[in-house]
Structure formats: C-alpha cells, structure tokens
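Novice: The chain contents come next:
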Amino acid sequence: KQEVTQIPAALSVPEGENLVLNCSFTDSAIYNLQWFRQDPGKGLTSLLLIQSSQREQTSGRLNASLDKSSGRSTLYIAASQPGDSATYLCAPRGAGNMLTFGGGTRLMVKP
Amino acid sequence: GAGVSQSPSNKVTEKGKDVELRCDPISGHTALYWYRQSLGQGLEFLIYFQGNSAPDKSGLPSDRFSAERTGGSVSTLTIQRTQQEDSAVYLCASSLGVGLMNTEAFFGQGTRLTVV
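These protein sequence lines are chains W and Y, in that order. So that you can map any letter, position 82 of the first sequence is 82 in my numbering, and since no number is skipped, the others follow by simple counting. So that you can map any letter, position 5 of the second sequence is 116 in my numbering, and since no number is skipped, the others follow by simple counting.
Don't read these hints as lab results, they were simulated from the structure. Please note that the accuracy of each hint is not assured.
Pairs of lysine-lysine residues, derived as DSS-like cross-links and limited to a Cα-Cα distance of at most 25 Å, are as follows [unchecked claim]: (1) K110/W x K42/W; (2) K122/Y x K42/W; (3) K168/Y x K126/Y; (4) K122/Y x K1/W; (5) K128/Y x K168/Y; (6) K168/Y x K122/Y.
Label pairs and their computed distance ranges (CB to CB) [stated by the list, open to error]: (7) E17/W x T124/Y: 39 to 49 Å; (8) E215/Y x R61/W: 14 to 24 Å; (9) S169/Y x A9/W: 23 to 33 Å; (10) T45/W x S184/Y: 20 to 30 Å; (11) E215/Y x R72/W: 12 to 22 Å; (12) S70/W x S169/Y: 21 to 31 Å; (13) G139/Y x S12/W: 34 to 44 Å; (14) G170/Y x N18/W: 34 to 44 Å; (15) A165/Y x P111/W: 43 to 53 Å; (16) A78/W x S138/Y: 42 to 52 Å; (17) P14/W x E131/Y: 38 to 48 Å.
Virtual Cβ for every residue (Gly too), placed ideally from N, Cα, C.
Could you put the whole structure together from the sequences, leaning on the hints where they help?
Specialist: Below, the structure written as structure tokens:
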C-alpha cells in the first residue's frame, strides 16, 4: 500500500523567500505525480503533473522534481508571495490508477 | 462543463437521515474518484470508477456508503443513516482514463456535509 509523507507539515516564511516542499512515497511503481494546492474551504487546484519518465516540470514560479527510484518529489516555489499561502498536497498515481495523498504542507507567506 | 461540478456545495442533515451527493465530471473523462476530507485531516480515498469496469470500492468506510455512476458520467455518493462522524468535505475528481495514465486529475469544489 502506497504511503505518502510530506515535510514540513507547516511552514511560515516572509514574502520573497524561495522555498522547497518535500514529498516522499513508499512505492516507486508510479505513473505520475501531481502537486495540488488547497485554499481553506475549497477544493484542490492542480499545479503540476510530472510524468514518471520526467525529472522536472515547471510552471511559472513553480518547479517540481521527481526522483522516482528513491520515492521523492520536491516542489520549489520561487520568490514566494502572500497569495501562495495555502496547503500544498502531493499525490503519486500508482497501481489501479489510484491517487494517494500526503497530509500536505500548510504554507503561510507573510507580507 | 468546464470543470468538475459537485452539488450541493453544503448540506446539513439530521443524524439518521440519508443523503445523496452528486458529481458531474469533465466531459469525456472516464475515470472518477470520490475522496473524503475530515476537518484538519488529509484526503481519504472512498471509491474509484473507470469506464464500464467494476468500481474499486476498497475505501468505503462502511456499508452505509455506496456510489453509482450512471451512463459513465454523473456519479452519486449515497450515505445512509448518517452519523456525526460522517461530517466532512466530500471531494470528487475526474481524469482521462486507463490507457492514458499520464493525465491530470481535476477536482470539484466539494460538498461540505454536516450531520447534526
């Protein structure tokens, strides 16, 4: 059974900092991995999809890397802004097309 | 529609009543997922539909929970004899299906269920 761990659980930084969110998973037999953000009281918004054959994927100030063999992914956020404050979730997609979620990293960017 | 649509957005029900939650996936998406998120908790998988295949029901917490998907599109999650511990946000997601594994899943805004 896939288990996903996200570190840190919470993070508070001043505006402008570059930061790294970590995701680890126990079963490396995945098809892809998605990063999502969730604002309070809202659904999940897809940020990036990184294929199992890829090492990196970029969208604007976001960069996701994937080391499938070691079961790790990182989300890098450049020049953080208060609007980036949210909970960030990673979800590898594995056997049976199943998405398994980590507990998330709750990010607060202070102006 | 443009995205995954869930209704109602909020539902308050009395303990012991049955509730139905609806999900309209993105047109053409054959894979559909239901998740539950209790207050301050992570996402808990409930059930997964893929095309005409038998659904993966391995996440349903009890036999009070059931789901169906009619015509390969709209899905309904039914909770019978609701209990207070059923209070949570129920999230639906859809994606292009099996054979196209490297595809994104898109989530609806969720239904917040409160059992009083």
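Novice: For each hint, tell me whether it holds in the structure or not.
Specialist: Taking the hints in turn, this is what the structure says about them:
{"no.": "1", "hint": "K110/W x K42/W", "result": "holds, 21 Å"}
{"no.": "2", "hint": "K122/Y x K42/W", "result": "holds, 15 Å"}
{"no.": "3", "hint": "K168/Y x K126/Y", "result": "holds, 24 Å"}
{"no.": "4", "hint": "K122/Y x K1/W", "result": "violated, 33 Å"}
{"no.": "5", "hint": "K128/Y x K168/Y", "result": "holds, 22 Å"}
{"no.": "6", "hint": "K168/Y x K122/Y", "result": "holds, 23 Å"}
{"no.": "7", "hint": "E17/W x T124/Y: 39 to 49 Å", "result": "holds, 44 Å"}
{"no.": "8", "hint": "E215/Y x R61/W: 14 to 24 Å", "result": "holds, 19 Å"}
{"no.": "9", "hint": "S169/Y x A9/W: 23 to 33 Å", "result": "holds, 27 Å"}
{"no.": "10", "hint": "T45/W x S184/Y: 20 to 30 Å", "result": "holds, 23 Å"}
{"no.": "11", "hint": "E215/Y x R72/W: 12 to 22 Å", "result": "holds, 21 Å"}
{"no.": "12", "hint": "S70/W x S169/Y: 21 to 31 Å", "result": "holds, 27 Å"}
{"no.": "13", "hint": "G139/Y x S12/W: 34 to 44 Å", "result": "holds, 41 Å"}
{"no.": "14", "hint": "G170/Y x N18/W: 34 to 44 Å", "result": "holds, 37 Å"}
{"no.": "15", "hint": "A165/Y x P111/W: 43 to 53 Å", "result": "holds, 51 Å"}
{"no.": "16", "hint": "A78/W x S138/Y: 42 to 52 Å", "result": "violated, 35 Å"}
{"no.": "17", "hint": "P14/W x E131/Y: 38 to 48 Å", "result": "holds, 46 Å"}
Hint check: violations occur at hints 4, 16; the rest are consistent with the structure.
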